[in-house]
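Chemist: Sequence:
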Amino acid sequence: MFKTIIALGMISVSLYSNTNNEKSSELKLPELKMYACGITRVAFIRELTKSFEEERNISITLNKKGGVGFVTKGLHDKKIEIGAGCRAPLKNDIEKDIWGTQVAWGALAFIVNEKNPIDNLSLDNIKKILLGKITNWKELGGEDKPITLYLRKGKKSGVGSTARKLMFNDANISFSPDAIRVKSSGPIRKGVISNEYAFAIDDVTSSSRTKGVKMLKVDNIAPTKENISHNKYKLRRPFFIYLTKKPTKWARQFLNFSLTEKGQEIISKTGTANLAEAVGKNDDRNFMFQKFLFQMKSR
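Here the numbering used here is used: the first residue of the sequence shown is 23, the next is one more, and so on.
Do not take every clue at face value.
[Said to hold, decoys possible] Mimicking DSSO-like on lysine-lysine, the simulated pairs with C-alpha atoms at most 30 Å apart in a straight line are: (1) Lys-167 with Lys-113; (2) Lys-175 with Lys-205; (3) Lys-205 with Lys-137; (4) Lys-319 with Lys-178; (5) Lys-100 with Lys-313; (6) Lys-177 with Lys-319; (7) Lys-175 with Lys-247; (8) Lys-267 with Lys-86; (9) Lys-149 with Lys-175; (10) Lys-177 with Lys-149; (11) Lys-118 with Lys-205; (12) Lys-271 with Lys-55.
[As the list claims (entries may be wrong)] Per label pair, the in silico range of CB-to-CB distance: (13) Lys-319 with Lys-50: 27 to 33 Å; (14) Lys-50 with Pro-168: 55 to 61 Å; (15) Asp-166 with Arg-68: 41 to 47 Å; (16) Lys-175 with Ile-215: 17 to 23 Å; (17) Lys-187 with Ile-243: 18 to 24 Å; (18) Ile-80 with Leu-315: 23 to 29 Å; (19) Asp-200 with Lys-50: 37 to 43 Å; (20) Lys-175 with Val-301: 33 to 39 Å; (21) Ile-215 with Lys-50: 39 to 45 Å; (22) Ile-195 with Glu-283: 37 to 43 Å; (23) Ile-215 with Ile-195: 24 to 30 Å; (24) Asn-278 with Phe-190: 33 to 39 Å.
Rather than coming from a laboratory, the hints here were simulated on the basis of the structure. Ideal placement from N, C-alpha and C gives every residue a C-beta, glycine not left out.
Work out the full structure: start from the sequences and follow the hints.
Modeler: In structure tokens:
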């Protein structure tokens, strides 16, 4: 009798153990490792990854900090399988084997403190502020107060490199040496919120969601989603998803999902202009080209 009880107990333990192992196996999901720059994380990546996780039953690990350089280095060092950022890959040693597919539109935003009475600036005057040729708000119709200019360190950040190319057609042009330079866009927005006489460059998606910040019109055109989609606001810029030469299965599927009708709809619902709804000159061809580029390069 005692031996029978022991035997039944051992069978029960074995069954319980097997059941737990089966549950553990069921709970372990495939994993996709991804980095995204701060702007694309805020713009649409968080919502896009959440939907993809639910649809494909996969777990996506996503960074909480880091800019475009951090993302591309992660791909280069094979720490991640896929990335997202707000500029095209550069032709340097780290990024030369990374290719980007555009999935959405962002835009440069020129921001001031919400208390600043200035609502509109000409592009020419914005250039002069960045170059240090205009240094007082009085020169722009504001108070007789010096302009506190906030900029990102270096010239290769998403915002910094795009501003140089779009506005000056010169990736290496130097901005004012008197600017306060910080590591990321978050501290720039905090600086503008805390300083009534600050001026900075940011992206529309981040600035539009930040209290205490005012986005300026440029040549009387506001950086709205509609104006970006219609290419009326001339300082729009592409948002990319990055892959390497030999992408993994899940990385390919995520990028493909981003270009589908559902993926584009998710991007639009975040308030970011997607490729599908862009109706500027040649925008329809661009959307077709991005799909073709993905199909060709991801084989």
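Chemist: Is the hinted range of 27 to 33 Å satisfied by the C-beta distance from Lys-319 to Lys-50?
Modeler: Holds - the Cβ-Cβ distance for Lys-319 and Lys-50, about 31 Å, lies within 27 to 33 Å.
Chemist: With 23 to 29 Å as the target window, see if Ile-80 and Leu-315 comply at their CB atoms.
Modeler: holds, 24 Å
Chemist: Are the Cα positions of Lys-100 and Lys-313 separated by 30 Å at most?
Modeler: With Cα atoms ~25 Å apart, Lys-100 and Lys-313 stay inside 30 Å; holds.
Chemist: Hint check: Lys-175 vs Lys-205, CA-CA at most 30 Å. Holds or violated?
Modeler: Status holds; Cα separation ~6 Å.
Chemist: Looking only at beta-carbon atoms, does the pair Asp-166, Arg-68 fall within the given range of 41 to 47 Å?
Modeler: holds, 43 Å
Chemist: Holds or violated: Lys-175 and Lys-247, Cα atoms, limit 30 Å.
Modeler: holds, 28 Å
Chemist: For Lys-267 and Lys-86, compute the direct alpha-carbon distance and say whether it is at most 30 Å.
Modeler: holds, 25 Å
Chemist: For Lys-319 and Lys-178, compute the direct alpha-carbon distance and say whether it is at most 30 Å.
Modeler: Holds, at about 25 Å.
Chemist: Going straight from one Cα to the other, do Lys-271 and Lys-55 come out at no more than 30 Å?
Modeler: holds, 12 Å
Chemist: Cβ-Cβ distance between Ile-215 and Lys-50: within 39 to 45 Å?
Modeler: holds, 43 Å
Chemist: 17 to 23 Å was suggested as the range; check whether the CB atoms of Lys-175 and Ile-215 agree with it.
Modeler: Holds - the Cβ-Cβ distance for Lys-175 and Ile-215, about 20 Å, lies within 17 to 23 Å.
Chemist: I want to verify a distance hint. Is the separation of the beta carbons of Asn-278 and Phe-190 within 33 to 39 Å?
Modeler: Check passed, 36 Å falls within 33 to 39 Å.
This entry does not satisfy hints 1 and 19, going by the numbered hints stated previously.
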